[in-house]
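K.L.:
Next come the chains, spelled out residue by residue.
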Amino acid sequence: MAAINRDDVAHLARLAHIEMSAEELDRMAGELAVIVDSVKSVSEAAGDDVPATSHPIPLTNVFREDVVGHTFTAEQALSGAPDSDENRFKVPAILDEA
Amino acid sequence: MTETNSNQLIRLSAAQLAAKLAAREVTAVAVVQAHLDRIAAVDGGDRGVHAFLHVNAEEALAVAAEVDAIRAAGGAAAEELHELAGVPIAVKDLIVTVGQPTTAGSRILEGWHSPYDATVVQKLRAAKMPILGKTNLDEFAMGSSTEHSAYGPTRNPWDLDRIPGGSGGGSAAAVAAFEAPLALGTDTGGSIRQPGAVTGTVGVKPTYGGVSRYGAIAMASSLDQIGPVSRTVLDSALLHQVIGGHDPKDSTSLPDPLADLAAAARLGNVDGMKIGIIKELHGEGYQAGVENRFNESLELLKQAGAEIVEVSCPNFKYALGAYYLIMPSEASSNLAKFDGVRYGLRVLPEDPPLTIERVMAATRAAGFGDEVKRRIILGTYALSAGYYDAYYGSAQKVRTLIQRDFDAAFTKADVLISPTAPTTAFKLGEKLDDPLAMYLNDVATIPANMAGVPGLSLPGGLADEDGLPVGIQLLAPAREDARLYRVGAVLESLLEEKWGGPLLDRAPSLPAPALAETVPSHGGSH
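Heads up: the protein sequence lines correspond to chains A and B, in order.
Counting from 446, one number per residue, gives the positions in the first sequence under my numbering.
Counting from 35, one number per residue, gives the positions in the second sequence under my numbering.
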């Protein structure tokens, strides 16, 4: 498996929406390289015939009664929001031309 | 309430407190006040335990007063009170509560109040158990030392310069320091059991799905499990019965009825049971004092009539690596919701343009600590195109192999046993700059999360070389949590007989004498 480098970390940080300083990218790349190296053996552990397990105790067809349960008022839902307006979450501009 | 009485009350187990409350020998208000006084005396200051991020005194006393009033009035309402009504509890600050802040140990949620209660919190309220407050943790439960909390580390009551384990170091330390008889924790890779081991307390990770996760802020959804923290095995069983059972709000919640776990703890018999030593989870890499205490426990179980067998779980050597792919992958997805829009922190970038994307990136940069960032980046990497099969896909296959190892082991043994953690508590700061060394603390606890099986850690004594607590871990097949309590209670009673009392009787007294004057005196019992 490929090693992880500084450019990879910069790309991943952009994907994950985390701003990182040059110093942080350097440090993170070094730490992650060690961690990624240590988990390498995992890819050689299991053959193609071994199925994947996504949940330890799989349950299928988990349904509930089709009735209205507890719902929040707009006020409750917005109670922790950094900004709101007219019963809605308020965000900065979505596009660049703010 | 005199100081002596207060000091006696805080040392009682939950079961003992429940009996005294039912017999009306003591009031719930006195019990809660004794614990609040203890928190005031040992938790704050530069050298305080710092188990609590928030103390919920007013509400806890009000609930206690309500229980006392119901008991005083007698009649049907008093009869119907839950066995643990009036017994106080601390709640890990990863579990949401109405009326108290929930931070998850992160700056990104500083000051946030949940508009709803977690199912387990609703159950505590229904049982009228006063909630003393919210306990410290590694940020979003990511860590093994509580040093990754944005609000400062918790200290180990056995040695204030050492870590209390993590991520649930606050819950374990609160119980070990007699600030609470019971606490709730969450366990994704050992966050209930490893803090239990290094603080000389009991902690249980139930079968995956056995306790509702609704209202636990998710780290890795296929691994996370809420469970009890206490000083005795019976107390964990009693608390497990309060919080366990099916919850339609959690689609991974098991529909099974809950077994009588307290009865299992009271059974007190391991005669003829087969207990399997996991070959791969002791020996090399485990501290000598840990190994000695482990062998001593095996000898005691043998004398009590259990048959000790050896089992091999060859794929456990891949568990840690697979865990550090699956957990960050799921965490990177679960933590995407902290975007500065719906709750918590919002940070505006210094320069324009002020777009939502840049606000998110600035918010997450300021709000998340280093370990959270590391895991998000690692998870994003493991899930990215081109690497998914090699990393996340392979790790999921390893998960199948670990389950198969457990299945094979449980054909040879009723219960498995190992040390809970490879070492005793290390010094604060010792492993902070070495993430990989920190991850190795969870080597013995992770397999249970990977397979969904239940695990219990109980105190196994003190290591000869450093005098610090060692944890013994018991593992049972999925849905057989009762076996943990049955074997755990027997081992606990054999060990306490040998020690001449509970292990925590040997812990140094708090607050540390030289610093007693710095302790806040308000509400204190002095």
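Worth double-checking, as some hints may not be accurate.
What the hints assert, rightly or not - In silico lysine to any residue, SDA-like type, Cα no more than 20 angstroms apart, as pairs: (1) A:Lys485 <-> B:Asp468; (2) B:Lys313 <-> A:Ala497; (3) A:Lys535 <-> B:Lys407; (4) B:Lys351 <-> A:Asp482; (5) B:Lys407 <-> A:Asp482; (6) B:Lys371 <-> A:Ala519; (7) B:Lys351 <-> A:Glu489; (8) B:Lys371 <-> A:Val512; (9) B:Lys371 <-> A:Phe517; (10) B:Lys407 <-> A:Met465; (11) B:Lys283 <-> A:Ala474; (12) A:Lys485 <-> B:Asp193; (13) B:Lys283 <-> A:Asp511; (14) A:Lys485 <-> B:Tyr421; (15) B:Lys283 <-> A:Phe517; (16) B:Lys351 <-> A:Ala497; (17) B:Lys465 <-> A:Val479; (18) B:Lys313 <-> B:Lys407; (19) B:Lys407 <-> A:Pro496; (20) A:Lys535 <-> B:Pro386; (21) B:Lys283 <-> A:Val512; (22) A:Lys535 <-> B:Val381; (23) B:Lys407 <-> A:Arg451; (24) A:Lys535 <-> B:Pro149; (25) B:Lys407 <-> A:Glu464; (26) B:Lys371 <-> A:Leu523.
Unchecked claim - With the Cβ distance kept under 8 angstroms, some of the chain A side facing chain B (calculated, not the full set): (27) Leu470; (28) Asp471; (29) Gly475; (30) Leu477; (31) Ser483; (32) Ala490; (33) Ala491; (34) Ala519.
Stated by the list, open to error - Sample of chain B residues with no beta-carbon within 12 angstroms of chain A, all distances over it, derived: (35) Glu93; (36) Ala161; (37) Asn326; (38) Gly355; (39) Ala370; (40) Thr397.
Worth flagging that the hints you see were computed from the coordinates, not collected in a lab.
C-beta atoms are modelled at their ideal positions from N, C-alpha and C, and glycine is treated no differently.
K.L.:
Each hint: holds or not?
P.N.:
Hints versus structure:
1. A:Lys485 <-> B:Asp468: 18 angstroms, holds
2. B:Lys313 <-> A:Ala497: Violated, at roughly 25 angstroms.
3. A:Lys535 <-> B:Lys407: 26 angstroms, violated
4. B:Lys351 <-> A:Asp482: Judged against 20 angstroms, a Cα distance of about 15 angstroms means the pair holds.
5. B:Lys407 <-> A:Asp482: Within the cut-off at roughly 18 angstroms; holds.
6. B:Lys371 <-> A:Ala519: 19 angstroms, holds
7. B:Lys351 <-> A:Glu489: 12 angstroms, holds
8. B:Lys371 <-> A:Val512: 27 angstroms, violated
9. B:Lys371 <-> A:Phe517: 18 angstroms, holds
10. B:Lys407 <-> A:Met465: 10 angstroms, holds
11. B:Lys283 <-> A:Ala474: Given pair B:Lys283, A:Ala474 is violated - Cα atoms ~40 angstroms apart, limit 20 angstroms.
12. A:Lys485 <-> B:Asp193: 37 angstroms, violated
13. B:Lys283 <-> A:Asp511: 13 angstroms, holds
14. A:Lys485 <-> B:Tyr421: 12 angstroms, holds
15. B:Lys283 <-> A:Phe517: Satisfied, since the Cα-Cα distance of roughly 15 angstroms is no more than 20 angstroms.
16. B:Lys351 <-> A:Ala497: 18 angstroms, holds
17. B:Lys465 <-> A:Val479: 15 angstroms, holds
18. B:Lys313 <-> B:Lys407: With a Cα-Cα distance of about 35 angstroms, the restraint between B:Lys313 and B:Lys407 is violated, given a limit of 20 angstroms.
19. B:Lys407 <-> A:Pro496: 31 angstroms, violated
20. A:Lys535 <-> B:Pro386: 18 angstroms, holds
21. B:Lys283 <-> A:Val512: Since the Cα atoms of B:Lys283 and A:Val512 sit roughly 13 angstroms apart, the hinted pair holds (cutoff 20 angstroms).
22. A:Lys535 <-> B:Val381: Cα-Cα ~14 angstroms, so holds.
23. B:Lys407 <-> A:Arg451: 15 angstroms, holds
24. A:Lys535 <-> B:Pro149: At roughly 19 angstroms apart (the allowed maximum being 20 angstroms), B:Pro149 and A:Lys535 satisfy the hint.
25. B:Lys407 <-> A:Glu464: Holds: B:Lys407 and A:Glu464 sit about 10 angstroms apart, inside 20 angstroms.
26. B:Lys371 <-> A:Leu523: 15 angstroms, holds
27. Leu470: 10 angstroms, violated
28. Asp471: At about 13 angstroms, which exceeds the 8 angstroms cut-off, the nearest Cβ of chain B leaves the hint on A:Asp471 violated.
29. Gly475: Check failed: Cβ of A:Gly475 comes no nearer than 11 angstroms to chain B, outside 8 angstroms.
30. Leu477: This interface hint holds because 6 angstroms falls under the 8 angstroms limit.
31. Ser483: 6 angstroms, holds
32. Ala490: Holds, because the Cβ-Cβ distance from A:Ala490 to chain B comes to roughly 4 angstroms (cut-off 8 angstroms).
33. Ala491: This hint holds: A:Ala491 lies near chain B, its Cβ roughly 4 angstroms from the closest one there, short of 8 angstroms.
34. Ala519: This interface hint is violated because 11 angstroms lies over the 8 angstroms limit.
35. Glu93: Label holds. Min Cβ-Cβ 19 angstroms, cutoff 12 angstroms.
36. Ala161: 20 angstroms, holds
37. Asn326: 29 angstroms, holds
38. Gly355: At about 4 angstroms from chain A, B:Gly355 fails to clear the 12 angstroms cut-off, so the statement is violated.
39. Ala370: 8 angstroms, violated
40. Thr397: Given a closest Cβ separation of 8 angstroms, the condition is violated.
In terms of the numbered hints stated before, the structure departs from hints 2, 3, 8, 11, 12, 18, 19, 27, 28, 29, 34, 38, 39 and 40, listed from lowest to highest.
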